[in-house]
Structures are given as structure tokens and as C-alpha cells.
Amino acid sequence: MIKIDAQNVDFYYGDFHALKHISMQIEAHTSVAFIGPSGCGKSTFLRLFNRMNDLIPDTHLTGNVFIDGRNIYDKSEKVDQLRKNVGMVFQKPNPFPKTIYENVAYGLRVNGINDESYIEETVVKTIKQVALWDEVKDKLRESAFALSGGQQQRLCIARALAISPSILLMDEPTSALDPISTGKIEDLIHELKEQYTIVIVTHNMQQAARVSDKTGYFYLGELIEYGDTRKIFTNPEKESTQNYITGRFG
Amino acid sequence: MRKFIEKLVEGGLLISGSISSLAILLIIVFLFKEAGGLFNSPVVEEGYVLALNKDNPVKHLSPEKIMDVFDAEITNWKELGGKDEDILVFRFSDLTNYYPEEELGDEFQYVPDKISELVNKEPGIIAFFPQQYLAKDFQGTVISGDKITPADFFAGTEWYPTSTPAPIFGLIPLLLGTLLVSIGAIIIALPFGLAVAIYLAEIANIKTRSFLKPVIELLAGIPSVVYGFFGLVVIVPLIQKILDLPVGETAFAGSVVLAIMALPTIITVAEDAMRTTPRAMKEASLALGATQWQTIYKVIIPYSISGITSAVVLGIGRAIGETMAVLMVTGNAAIIPTSFFEPVRTIPATIAAELGEAPAGGAHYEALFLLGAVLFIITLVLSITVEYISSKRKIK
Chain A
1 MIKIDAQNVD FYYGDFHALK HISMQIEAHT SVAFIGPSGC GKSTFLRLFN
51 RMNDLIPDTH LTGNVFIDGR NIYDKSEKVD QLRKNVGMVF QKPNPFPKTI
101 YENVAYGLRV NGINDESYIE ETVVKTIKQV ALWDEVKDKL RESAFALSGG
151 QQQRLCIARA LAISPSILLM DEPTSALDPI STGKIEDLIH ELKEQYTIVI
201 VTHNMQQAAR VSDKTGYFYL GELIEYGDTR KIFTNPEKES TQNYITGRFG
Chain B
1 MRKFIEKLVE GGLLISGSIS SLAILLIIVF LFKEAGGLFN SPVVEEGYVL
51 ALNKDNPVKH LSPEKIMDVF DAEITNWKEL GGKDEDILVF RFSDLTNYYP
101 EEELGDEFQY VPDKISELVN KEPGIIAFFP QQYLAKDFQG TVISGDKITP
151 ADFFAGTEWY PTSTPAPIFG LIPLLLGTLL VSIGAIIIAL PFGLAVAIYL
201 AEIANIKTRS FLKPVIELLA GIPSVVYGFF GLVVIVPLIQ KILDLPVGET
251 AFAGSVVLAI MALPTIITVA EDAMRTTPRA MKEASLALGA TQWQTIYKVI
301 IPYSISGITS AVVLGIGRAI GETMAVLMVT GNAAIIPTSF FEPVRTIPAT
351 IAAELGEAPA GGAHYEALFL LGAVLFIITL VLSITVEYIS SKRKIK
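As given, the protein sequences belong to chains A and B, one line each in that order. Counting along the first sequence from 1, when you hit position 81 you're at 81 in the UniProt record's numbering, and nothing is skipped either side. Counting along the second sequence from 1, when you hit position 109 you're at 109 in the UniProt record's numbering, and nothing is skipped either side.
Note that these hints are calculated values from the structure, not bench results. Every clue listed holds true.
Derived contacts from chain A toward chain B, CB cut-off under 10 Å, selection only: (1) Asp58; (2) Gln81; (3) Pro93; (4) Lys98; (5) Arg109; (6) Ala160; (7) Ile163.
Quick caveat: nothing in here was measured; it's all calculated off a predicted structure. All C-beta atoms in this analysis are idealised placements derived from N, C-alpha and C, irrespective of residue type, glycine included.
Using the sequences and the accompanying hints, generate a full structural model.
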């Protein structure tokens, strides 16, 4: 089943042509990694899926992006509803200056859920889901800033999962973390793949190889190659891809 | 050579820094020294004597009581804790009512004796006369030796700095006037200021913002007398007309003018604080399906609350210290305000209006300095509050 379907997407920051005629289909319950050198457009492309680029002034898009068959750039599409369905984890852990509990409960509250017992149940469930429960169960009412970077990032994943999205976008989720925390988050991605469709942008080629089913290689705003991760990393079709994954540039 | 110049510049900076710190310190010391002088001043106008009959059990009178006596508000010693005896007010000019001019001598050389005699004769007398006519063997109770006490000032409910024989320096009406006008200003300015700050920081597009922000900052640069003039010519008549008041120069008019003046400060500081909310924080909220308004009141305002508080406190600070505009529109009646819609007088306006006519070194002069010191302490407390709040933000 096709979850995300981008058709002929062109994206501009002012006059800068950031994405060039990109088409890509992402299947449900798979994890897809975007790789490529800095500035190649992979984060921009990722941020199209929950319309995060709308926040940047003076940008425009041509082409269509469908999620579950709906054109998310259609005028009738409600952005907040879309973002409920498409969760996002950012490069740097960015918990709110609230308690651990309230961080996870935030998404539920802003979506109009007031049933406190349901909120508590969901908070506990998602914190367990990201394997953070044992570390924070005694300090749910303490500030999220007291956690380590890796714990904060897992909290941010829990926060995104609490509103039960079907897609989880991860924009270099481990680039600010140490290897052990990175390992925990990669394990988590493996588990989450069963229930969610995961799109992850990463600079770390080993990570892409470890966590993804499919990989897309971007270069200068173009999608150079997109296919099974194993194939991309062992036998890429394009020379540019070959050069990048073998570390000859980028 | 270069090292020498660097040392020279460093020395220059050190000297200018110390000089300005020293200057500020000197101003504060001067302020408090002059202000403290008030409590060494006699209750009665300097160079004059206030005396009672020696048998009168009343030995001390506060400035306010003295004024009541001379205004004939109090006419019996009973009310002042004395015997049931009518008060006989004697002013120096009344002397000829008691003694024909020829008895006083060609050069008034017998005046001291006559006054002394009169005070001894009349049990209910309160006599007010120049110091030079105080007889050497005067037997009455001289109450003009009393000093003005801190209670007279800090708990005093009236401000009559030029009343004779005893000027009255009561802080309360001026302090209440200041607080009323300032609090009113904040109540008016805060919702508008925050609304504009939120609009500028989060909603306005770049074009609108780059036009509005400098305009608002320009407002901060307009001299306060211009605001005062505007208030006097536009706001005061408007208030009088709309609210159908006998006078438009009220605490409310002062608050409105001050609110307009405090707005740029509140807007700029609050907006800057809101803009320090990390983009990641906003994006995290929006990415969870929060609307822009939910993000503003659930993330941005809580995140920048200490900056917003600073904005408010700075706004209050500006309002409390403001002189000229308030002087022009509040009507300047030094009475304890009972409503928002009557004339009041603030501390800074009092200093500005009266310092010119207060003789240097006199009690009135010192009282004005004391007012200045009170104002200084209020603004100091406010600045410390701001410091405390913003340091708390840094720790978090």
C-alpha cells in the first residue's frame, strides 16, 4: 500500500530551486532513509510531508504530495489535522519547558482531549513504547530539561507518538546524540516500523543502512537514486551514489 | 607601542567607568543626605516660635494638629488631650489687639516681654511669633523645638508644604496618587502592549513588522512634554466630555497618557522576549497539530513569561518616574484620591512643581528630596525585581 506519494515536486525558497522534479512513493510500514550531502534538499523534502515548510516565508511548491490518497497541499486540507497524522522528530531534542508528563500530554491537549485518565494512560503507554519508562517513572512531574540529550530525544519521540500518527518523520534524530543514545533510538526505529511509516533523514550512512528498508539519495535538489537499501549500498546504479556512499565526497 | 596604547585605552575605560559609578553613588548619597535633613527640621517654620501657656498639659503638637488649630478646625484643648479650655490662637500681627503700639517701645524693644506676659496670662493660648521676640526668661512651653518625625512624613495624610505656622509634609496622598496613576496606566497599557507584541512577534509578516517596529520605537523617543501637551489638549477634554466630569484633569487622564508612553517599552521588550522562543519549540508544537494560537498561548507565552514580566515591570518603572506629562494632565491636587476620576498629584510632579519655590536647605526643600528618595527606592525595588526575574530565566 502506498502511504506517501510525491509527484513531480518542485520547491523554491524565493528564487532558489531547492527540489527539482522529485517523485517518490513510500509504502506503509516501511522505513525510508534520505541521504545526501548538506544542502541537497533531503530535509526540505521531508518537511513537505507535514507542511512544515509553510512556516518559512517566501517559498512555493509545484507538483502534488498525496498521503493516504489525499492531496495534502489541497486548499481544503487542514494543516493541523495533517500534522496530527504525520508526527515529526527534530534534529535537536526540543522538549517544551514543561514537565515530562506535560510534554507527552501536550499533543493530546492541543487536540482537544480533556479526559485526564485517557491522557495519563497514553502518556505512560508511549513513554514505555520509547523505552524511557524505567528512567523517568519517578520523575514524570519534573522538568523535561533535567533529562539527558538522548532521553530528551526519546521523550520527543514519545511526544510525537502520543497522538497516534501513522507517519513519523525524523530529521537527523541522532545527530546531536552520543553513540549509546543513538543505538537506543535506532533500536526504537526498528520496533516502530511495525506500526508506523518512518521517514528518516540522516548524515550517517551506517545508520541509513541499519534502520531503513529503502534509501533515497539526494544531490543538489535532485533525487538521484531511490531503491532498496541493500541495493543502494551494495550495488548502486548511479556513479554519484557510489561515490557518496563510499565516502569519496560529501 | 601597541601594547602601550592598549594599556592606555584600558586605563581610560577603567577611569571613565569608575567616574560614572562614583557620580551615581554621589548623587544617591546627596539625595539621601538632603532627604534625611527633613527629620532634623523643626515642625514650625524656621525663624518662628510656637508657644503655649506653661500650665497647659499639652507639650507636643504634630504639624497636622497645628494646622487644624490655626484653621480653627480644632477649637478646644480637650480635643488635643488637654484641659477643657478654648484655644486662643495668637499670631504676631494680633499683638496690637492686646497692647497699644506705644507700649511696645519705639523699636519694639518691649515686645518679647509683652508676649511672655500674654502667654503667661492666657491659659488657652497658642502663640506664633518670630524667634527674635522670644524673651530670655520666657516661661511658656516652646513646642517649636519639636522635630518632624518619620511618622509625620510617612504616615502623613496631607501635603501642605507652605502652610503656616507648620508646613505639612505627608507622603500618603502623593504616594497613592503615584500608585493610582501608574497602576491605571499598566492596566490600560498591558493588554494593548501584549497584544501588539504577540502580533509583531508571531503574526505580522516581515513587511508589516519592519514598518511597525521602528514606528513604535520612535514613540519612545518623543519628549514627554509633547505627550503631556497632547494629553492636555486632546485626552483631558475628551475624558471630561465623555464621562461628564467637572474636570478632565484626573488620575485617569494621567493613566491614559502614561499608558501611551509605556506602550513602546512594553511592546519592544515583550516582543524581543517572545522572539527568543527557539524556532524548534514552535515547530515542535505545530508539528503536534497545535494551531498557531495554541502555540502562542501554550508555548511562546510560557516560554517568554519572564521577559514579559520584565516588560511589565519596566513599563511600571517608566510610568512611576514620569514627571512632565503627568504634571500636565492630572490636575495636581495633593489629596488622598478616592476615585480614578478626580485630580491627583504624583511624587515626581510634586518635585518638579515645587522645587523651584522651595528655599534651599529649608524643610520644604528637604521634604522634596525625601520624596525623591522614596521614588528612588520604588524604582530600585522594581529594577531588582527585573534583575531577579531575568536571572531566574537564565538559570532555567
